[in-house]
Structure formats: C-alpha cells, structure tokens
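Colleague: Single-letter residue listing:
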Amino acid sequence: EPEVTQTPSHQVTQMGQEVILRCVPISNHLYFYWYRQILGQKVEFLVSFYNNEISEKSEIFDDQFSVERPDGSNFTLKIRSTKLEDSAMYFCASTLGGAGTGELFFGEGSRLTVL
Amino acid sequence: QKEVEQNSGPLSVPEGAIASLNCTYSDRGSQSFFWYRQYSGKSPELIMFIYSNGDKEDGRFTAQLNKASQYVSLLIRDSQPSDSATYLCAVNINTDKLIFGTGTRLQVFP
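Line order of the protein sequences matches chains F and D.
Residue 688 in the numbering used here is what sits at position 8 of the first sequence, and the numbering runs on without skipping anything.
Residue 918 in the numbering used here is what sits at position 27 of the second sequence, and the numbering runs on without skipping anything.
In case anyone wonders, no lab produced these hints; they're calculated from the structure.
Be aware that a few hints might be false.
[What the hints assert, rightly or not] Listed next, the stretches of chain F that the computed footprint assigns to chain D, with coverage defined by at least 3 CB atoms under 8 Å from CB atoms of chain D:
1. 721-734
2. 770-779
3. 787-795
[Stated by the list, open to error] Calculated pairs, PhoX-like style, for lysine-lysine (alpha carbon to alpha carbon, straight line, at most 25 Å):
4. 958/D with 947/D
5. 763/F with 933/D
6. 933/D with 737/F
7. 722/F with 933/D
8. 958/D with 722/F
9. 722/F with 758/F
10. 737/F with 763/F
11. 933/D with 758/F
12. 722/F with 737/F
13. 763/F with 722/F
14. 737/F with 758/F
Being a predicted model, the structure only gives us computed values, none of them experimental.
Heads up, the beta-carbon is just placed ideally off N, CA and C, and yes, glycines get one too.
Just chain F, same shape as in the assembly:
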C-alpha cells in the first residue's frame, strides 16, 4: 500500500540552527501538508501546498518556516532558526483531492527536539 515517508524520524538540534524535514508524499497525490503536534497537545495545521505554491498557511507558519517541492517527489519543511518551542512531532500529509474531500494520509512523523 502506498505510504507517505518522512525523514529523519528524530532530529536533535541546537537553538538557532536550521533544520530541514523531508517527506515523500504518495506519488499520485496533488495536495501536500505539514502539521505539527507538540507533546500532549493537538495536531496543528502549518501549511498546505498545491500546484507548486502555498495555498494556505497558519499563524504558526511565520517567516522562519518555508516549504519546497524541489523535484517531483520530495516535499520539504525548513525551519531557518529553531527555537525551543519548535520542539514537536512534525507530520507530513498528502491527499489526492484536497483536505475536505477525503482521507489525509499522514507520514509517521519527524520528531524535532531543540536544545
């Protein structure tokens, strides 16, 4: 069964460092997302991406965040200068027809720990 894959599974970084989280969405999907979940809290929307551009972003997704689809398969989330409060599980997700039309397929997540 096709799946969304994410790397790394766990990354530890120092405050102020840049981090890139990588995702390979399901191959025929057209809509891509990043969500995050701080330990013990709810799953929060960060950004949606369609047709090679951001379609929607949350207040969390400020100037230190960026997303990119550098080739036909990868979808990356970059955090330029990490803060302690960026420590969370980051989930990539993809879907064929948009968030409201059916299943969002989530990857297993990348746990980011900022020291």
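Keeping the supplied structure of chain F fixed, place chain D upon it in accordance with the hints.
Modeller: Showing chain D alone in chain F's frame:
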C-alpha cells in the same frame, strides 16, 4: 473560541461495550467532518468521514452528524482493547486544511 472541542477523557469502557465519542465545532460553515485514530507515538489514521446530516456506518463504527446542533459523534460497537487510542475529530471549513480537536483518549479494558 475553540474551533473544535472534545472531551479529553479518558473514556473507559469494558470490552464488548459501545464507546461514544463526541465533538462540537464552532463554525457553521464547516463542510466535512472526520474521525482519526492516533495510537500513542504514531500518526493519525482516518477512521471515517461524513458530510451530510444523519448516520454513516462502516463496520463497527458509526459517525453521526447534526449540523443544526454543530456536533459530530463516533460510536464504536463491540469495543476491543485494540481500539484503545486517542480519537481525533477534525473539521474542514471549505478551505485546504483540517482543524483538529484535542482528541479523546479511549481505554477499553478486558
């Protein structure tokens, strides 16, 4: 004002019983409604989605939607210990994102 609200639980039910999970939402423009299950340390996985008022059944699961009262519920019949997880309600308000509630932790004891 919270957009999607759920009781955090835990909701404890004996094996074989019906588990009832509830969710309310604040935006009347909400279009589609989803129930995800999340095991500890894992990613969310979809159980069901519902768009129209009424009930929708899939195996042991039934989703119920009442747009006038702005709530959506999930019933799990014949609950099993393997159903023990956090159940996330998510809502789409005709935008390209899902808004999740905080989740209800379900414990099914043998």
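Colleague: Residue 933/D and residue 758/F: Cα distance at most 25 Å?
Modeller: 22 Å, holds
Colleague: Within the assertion that chain D covers the region 721-734 of chain F, do at least three residues meet a Cβ-to-Cβ distance smaller than 8 Å?
Modeller: Our answer is that it holds, as 7 residues pass the Cβ test (under 8 Å) against chain D, meeting three.
Colleague: Quickly compare the C-alpha distance for residue 958/D and residue 722/F to 25 Å and report which way the hint goes.
Modeller: 23 Å, holds
Colleague: Hey, residue 737/F versus residue 758/F, does the alpha-carbon distance stay inside 25 Å?
Modeller: OK: residue 737/F and residue 758/F at ~14 Å, within 25 Å.
Colleague: Do at least three Cβ atoms from the region 770-779 of chain F come closer than 8 Å to Cβ atoms of chain D?
Modeller: holds (count 3)
Colleague: Just to be careful, I want the Cα atoms of residue 722/F and residue 758/F compared with a cutoff of 25 Å; is the pair within it?
Modeller: With a Cα-Cα distance of about 21 Å, the restraint between residue 722/F and residue 758/F holds, given a limit of 25 Å.
Colleague: Run the distance test for residue 958/D versus residue 947/D: straight-line Cα separation, threshold 25 Å.
Modeller: Distance ~14 Å between residue 958/D and residue 947/D Cα, so the pair holds.
Colleague: Would the pair residue 737/F and residue 763/F pass a check requiring their Cα atoms to be no farther apart than 25 Å?
Modeller: 19 Å, holds
Colleague: Between residue 933/D and residue 737/F, is the straight-line Cα distance small enough, at 25 Å or below?
Modeller: Distance ~24 Å between residue 933/D and residue 737/F Cα, so the pair holds.
Colleague: Against the 25 Å threshold, does the CA-CA distance of residue 722/F and residue 933/D hold or violate the hint?
Modeller: With a Cα-Cα distance of about 13 Å, the restraint between residue 722/F and residue 933/D holds, given a limit of 25 Å.
Colleague: Please verify the coverage claim for the region 787-795 of chain F: does it have three or more residues whose C-beta sits within 8 Å of some C-beta in chain D?
Modeller: holds (count 3)
Colleague: Is the hinted pair residue 763/F and residue 722/F satisfied, with a Cα-Cα distance of at most 25 Å?
Modeller: 19 Å, holds
Every hint from the earlier list agrees with this structure, and none is contradicted.
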